[in-house]
Structure formats: structure tokens, C-alpha cells
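With the hints as your guide, set chain B onto chain A.
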Amino acid sequence: MRKRIRLFMLGIVLTLISITMIYPVFWTILTSLKTNRELFIDPWGIPEDPSIENYLKALDRGNMGNAAVNSLIVSLSSVALISIIAPMAAYATSRIEFRLRGLITNLLIAGFFIAPHAVLVPLLLLLRDLGLIDTHLGLILSYVGWNLPFAILFMKAFFVSIPYSLQDSARVDGLSNYSIFSKIMFPLALPTILTVAIITFIGVWNDFLFAFVFLRSPSNFTVPINLLNFTTGRYGNDYVAQSAAVIISAIPTIVLYTVFAERIRRGVSFMAFGR
Amino acid sequence: MKRFRESNNTKNTFFTPQTLRRFLDSNSGLILSLPALIFALLFVFYPLVQMFYLSLFRWTFVSPNMTFLGLENFRRMFLEDQVYLRSLLNVALLAGQSSAIQIPIGIALATIILRYRRIGRLFWAIIFLPYVISSVAVSLVWTWMYNPYFGSVNMFLRTVGLGFLARPWLGDINTALIAIFGTVNWIYIGLTTTMTLATLRSIPPSIFESARIDGLSGFQEFRKITLPLLKELIVVLIIIDVAGAFKFFDLIWVMTQGGPSDSTHVTTTWLYRTAFRASEPGYGAAIGVTVFLFSFVIVQLLVKLVRSKLTR
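If you're matching them up, the sequences are chains A and B in order. Position 190 of the first sequence, counted from 1, bears residue number 190 in my numbering, the numbering being contiguous throughout. Every number in my numbering is 1000 more than the matching position in the second sequence, counting from 1.
Keep in mind the hints are simulated off the structure, nothing from the lab. Using N, Cα and C, we set each Cβ at its ideal position, and we do this for glycine too. Fair warning: there could be bad hints in the mix.
[What the hints assert, rightly or not] Straight line, CA to CA, 20 Å or less: simulated SDA-like cross-link-like pairs of lysine to any residue:
#, chain 1, residue 1, chain 2, residue 2
1, A, Lys183, B, Asn1027
2, B, Lys1231, A, Met271
3, A, Lys183, A, Ser94
4, B, Lys1231, B, Gly1215
[Claimed, not checked] Computed Cβ-Cβ distance ranges for the label pairs, DEER-style:
#, chain 1, residue 1, chain 2, residue 2, range
5, A, Asp134, B, Ile1203, 20 to 26 Å
6, B, Asn1174, A, Pro47, 34 to 40 Å
7, B, Phe1164, A, Leu190, 25 to 31 Å
8, A, Asp168, B, Ser1202, 37 to 43 Å
9, A, Glu262, B, Asn1174, 29 to 35 Å
10, A, Asp134, B, Glu1072, 30 to 36 Å
So that you can see chain A by itself, here it is in the shape it has in the complex (with noise of 0.2 Å):
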């Protein structure tokens, strides 16, 4: 009986917990099918006549469908670009012994442990001298700098973990070390790869600082910097658009969540045990 009752009482913390972490993104959901009058009537009644015009105009006026595609532009580039460089430095700091290996992993990773936030000013004059400022390229080059030490140290993980028998044989069979990474080791990485890809691709979207920082024209925009700026714009008091625009903006990291969840948090726990 007792043991009922403390399931129970731990059936209803987890429910309580649960609906706090739902409630907000349900709430926005609901908003976002609403009239501005209606909001504020009752910000907890059902929208009378649910329809997506929200959802238009904050696609349209907002902006958010030119930032959504801004955003795909910059997050795929930069996940391309690093699914190619992390494996490769990966590999050799891993496998191949070189001169310096040491030191040049050190240079590698180091980035992981410093907060971009700290370098913002250089990084802007950087930029600036690059002619790279309000560009998707100087956006994508950043991007590409400071998610590849996680990259790499997630790759290395992986590579660590190969027998060193199966690079010893293909040596034996005559193949360089360049063709031993692109014909054994890259495909047998692809699911490491994957999972990186994924987890970039996320942060990238997501990303708001670098954005907000190197961009200028709103055409230009990324997705979270756009948000920002359709709330303090014209449509600044237009709650019930803004609310469409964030459940835009969150579409697809939350659907590729759903296909990846696993991946995604085995990935992302890594981060606490990387070094």
C-alpha cells in the first residue's frame, strides 16, 4: 500500500514537471492561431477561428521565410564543410604519428574550452579586413572555426576505438594514409559523422550571437536574429504573428529531434566527458 502510494505521489511530480516543460511551447501554439484581440481577452481561451494568416504574414511581412532559407544556406554549408575537415584532423591527430602531433591537437581543441563571446571584437575586425562582414561566407567561415574543435573531439572519440590492426594491414596492402582515410576510414566514421552533422546543424540554426553580431541588412538575416528583429519592429505589439514566427523558427531542429533523439543526447552528453 505504501509503496502505491509513493508511486502515485511520483506519478504526479513527473506529470507536473512535465506539463511546466510543455505548457510554454502549447501555450505559443495556441497563440499563434489567435487574434490580437483575442489574446488579450483571454489569454487562455481556445482561438475561435483557428487559422494559419499568422503564419502567413510572419512568413511573408516577417521575413521568416527569406531568414528560414538564409539559415539553411549557412547551416549546411558549415555542416558540409566540417563532416569533411573534423574526420580528416581527426584521423591524424588520432592515428598518424607527425611531428608536433601534440601541440597541433592542443591548437585544435583549444577553441572548445573558450567562449566565443570573449573574442567578438577581433573576430569583427577579422571579418571586416576578410571584406566578409553582413556575408553568409564570413558567417559560415566562424561557424566552420568554432564548432570544429567539438568536431574533433568528438571524431577522436570514435577513432581512438578502431583496432589498429585494420589500419596495419591496409598499410601492408600498399595504401597511403590518404587512401586508407578516404577508403576505409570516412565510410566506417559516417555514423560518428551523422551524428556530428546533426548536432551542428542544430547549434548553427540556432545560433544567435555570431549573427547578430557580423550581419547588417535584414535580408541577410538568420533565422533567431530575425525573430528578434520582427519583435521590435512594425509588427512589435503583433504578439499573436510573433508567436507563429517562433513556432516557424523551431520546426525543424524539434523535427529532427524527433527522428535523432537518441543521437542527438548521446552526442550532446558528450560534451560533459570529452577531454
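Structure of chain B alone, referenced to chain A:
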């Protein structure tokens, strides 16, 4: 490897496909690392080094003139800049409350999820969800939750008879920081739980089995096996919270912009304000130097400390 290097050292190295091949082959490690190395040097280390130099000057983005100040920026920061000092306090509060609240709850939830696997899976999926939504979106949603006119927080308080607590949470200097902390915990509880679960799952079940054969009770089992492992995890989580507090920016910028009356600034939002809004990038770079030193160096020291303690 040696063989290749010797043949490279012979003097008559004409540029033939063969010598090129040998060069590529004997330097494959460096060559494969090179693209990543270029990115690290150009986008991480070059700005990092330049930051120290820039922090010694007064200058603006529009003019080429730079006035050398020595360490004046740092003197001003620690002796005169009340907002900067307040931001350091806020970072400490943020790290402290994150550790104090998220870690115990995270461990409790992880234990429950492991124990009741079927319902635990769904619960886990739910509490991790906020982490994948962009911080700007989350900040906006919570700004609406705290809104004095249609915010759910005040409506809820009035419904349960606690209406006297209702207030403009983010606009009130006494509650703005607490309101932000609430959102922070809402986002990161799932992450802390996930990291704890990763640790608990890494314990091979055979350890528990042999413990049971040795006649350890459930409590002894927790104390002798689970707790020592969790100790390591707790220290790691605290390090993450400290480092994370110095990386905090989005939430505070979107929810309060550091207000009301600069009471909710963290170091990074104050850096942004001074460097890009008040046009004092030299001073901003100096704040950046302290952010780097505090977060990177302190965290590295903590890591070293933990490592030496754990491997002893």
C-alpha cells in the same frame, strides 16, 4: 616512416611525381590536419591574441587612431565600472544557482528514468525538448509568460490565490534576475539529466551484481558505487555550469537587454553593450580578456585539480 624521411634527405630531390608522392606520404598527418589547423589559427587564435593587444588602447571602429592606455581599461573595469562588477556577481549567481538547483534535480530525475524505463523514456524526451529550441525563441516565449498583461505566470498566481505575488517579473528590479534563472533551469534541466544518465548507464551492471553477491544492501550499493561515480560527475557538471555562465548571452539580451537599470547584465552582454553600442571596442576587448581568463583558465585549473584527485 623513417625510410621515407631518409630518402627525402638525399640532395638530388628533383620535383618529380615520385618525390611529391613521398613528400605527401611522409607528411600525411600534418596535411590532413591542415584545413582544421588553418581555421583554428585564423578564427580562434589570431583573434584571441589580438584581443590582448586591442585591450590596451582606446579606439573606435570608424577611425584608424588608437590611443595607448596601458592597463587603464582594466583599472577602470575593476575599480570604477559598477555594472561590470555587478555582471561578475550575476555570472557567479547564475553558475551557483544552476549548480544548486539543476544538479540535484537532474540526478533525481535520472535515477527515476532509469528505474521506470518505459514511462522514463517519454519523460526524458519531454524534459530535453527545450534544449533543441533556439534560445531566442525560448526567450521570447518566456518574455510572454512573464508579460504583465497576458502572461501565464501572473494568471496562474491569481488563479491559485497568490495574486499578491503578481508583478511585471522582468521589469521589476527585484525579480528580473530570478525570472531569468527560472527560464535557465527550464532549458537546462533536461541536459543535466541527460549527462547524469550517460554516467549512470556507463556503470556496468556486473558491478552491481557482484556487489549484491558480496552482500551489499541497496543503500551501501548507492554509497559505495553510485555516489563515488556521481561525485566525479557533479564536479564536471559544476565546471560546465561555471564555463556556461561565462558563455551566457542570448537569453539575457533578448529578455531584458541587461535591464532594469543594468541589474541583469552578465559579462558578455556588458561586453557587447560597451563594444558595439557604446562604441568602446578597446574596453570591450578588455572585458573579453577577463572573460577568457576567468572562464578558460579557471576551468582548466579546475579540470587539472579534478584529474589529479581522481587519478590518484
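Hint check:
| no. | hint | verdict |
| --- | --- | --- |
| 1 | A/Lys183 <-> B/Asn1027 | 19 Å, holds |
| 2 | B/Lys1231 <-> A/Met271 | 17 Å, holds |
| 3 | A/Lys183 <-> A/Ser94 | 17 Å, holds |
| 4 | B/Lys1231 <-> B/Gly1215 | 23 Å, violated |
| 5 | A/Asp134 <-> B/Ile1203: 20 to 26 Å | 51 Å, violated |
| 6 | B/Asn1174 <-> A/Pro47: 34 to 40 Å | 35 Å, holds |
| 7 | B/Phe1164 <-> A/Leu190: 25 to 31 Å | 59 Å, violated |
| 8 | A/Asp168 <-> B/Ser1202: 37 to 43 Å | 30 Å, violated |
| 9 | A/Glu262 <-> B/Asn1174: 29 to 35 Å | 42 Å, violated |
| 10 | A/Asp134 <-> B/Glu1072: 30 to 36 Å | 32 Å, holds |
When each numbered hint is compared with the structure, violations occur for hints 4, 5, 7, 8 and 9.
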